[in-house]
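In my numbering, the protein residues as written are 68 to 350.
Just so you know, these hints were derived from the structure itself, not from any lab.
Computed cross-link-like contacts, SDA-like style, restricted to lysine to any residue with a CA-CA straight-line distance of at most 20 Å:
1) K190 <-> T321
2) K74 <-> V86
3) K85 <-> K130
4) K242 <-> D231
5) K83 <-> G136
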Amino acid sequence: MNPVYEKLLRCYESVKEKVDFKPKAALILGSGLGEYIQEMKVVQTLDYSQIQGFPVSTVPGHKGRFVFGYVGDVPVVAMQGRVHYYEGYSISDVVLPTRLMKLMGAEVLFLTNAAGGVNFDFKAGDLMMITDQIGSFVPSPLIGPNIDELGLRFCDMSHVYDLDLQQVIRNAAGKLGIDLKEGVYIQLTGPAFETPAEVRMCRTLGADAVGMSTACEAIAANHMGMKICGISCISNLGCGMTENPLTHEEVQETADRVAPLFRSLVTESIKAMGEILLDLNII
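Start from the sequences and build out the full structure, keeping to the hints where you can.
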């Protein structure tokens, strides 16, 4: 058996021993956004450290646990903290949580992150719906022998971010009066923030926001046939776009300031996504 798949199955068996809950949507909470779980009707929590072989987040602001519960009528598993490639994990370990949530039963993946804006029309505190991505600067989680049990060797990437879910988020933002930006997310490895030249490169390539996560998770989820959507909290403008140096504290402070808007947008969106899940006979 493929060792990556074998490890995934071990984690899944470990979760099944401890959790009796079948989510239909998965939510990954980025830096500074972990307190979203206050919006959930929480049924159970599970620390990553309790899952055999599971990678554990080492980043400040990432608590490191799964939270199971409901947003409206939608059963959700939320990752309160993710793991990153820059922490030293293999890319297969970085996307293991995403794959695991699909095995748990999730058909929709809602990605969130704190990102640097490289679009001059953006400002710190904006929320950007991800419409496409550039993941070419980190290893693909699909490199190596294909895991046929998960998906096809050559998966289509035409619409990684589901068009119907994008419209759901637009409608939710309009209902709430939120000025929602839209754009392309690019993932670089980190952990250093980008240089001014790298920010210019990202903009030239067509990116609007840059971060250190998300794209690889979306690739793994797309490979498994999940419906994907995502929102970036623009925590700062990229290096060289202002005179201010960049810090992780700034990222967290901005995410905390925007948290009420973010929570309301995610909640309204997931509730509306429940209708799509019903149409697909998923819930």
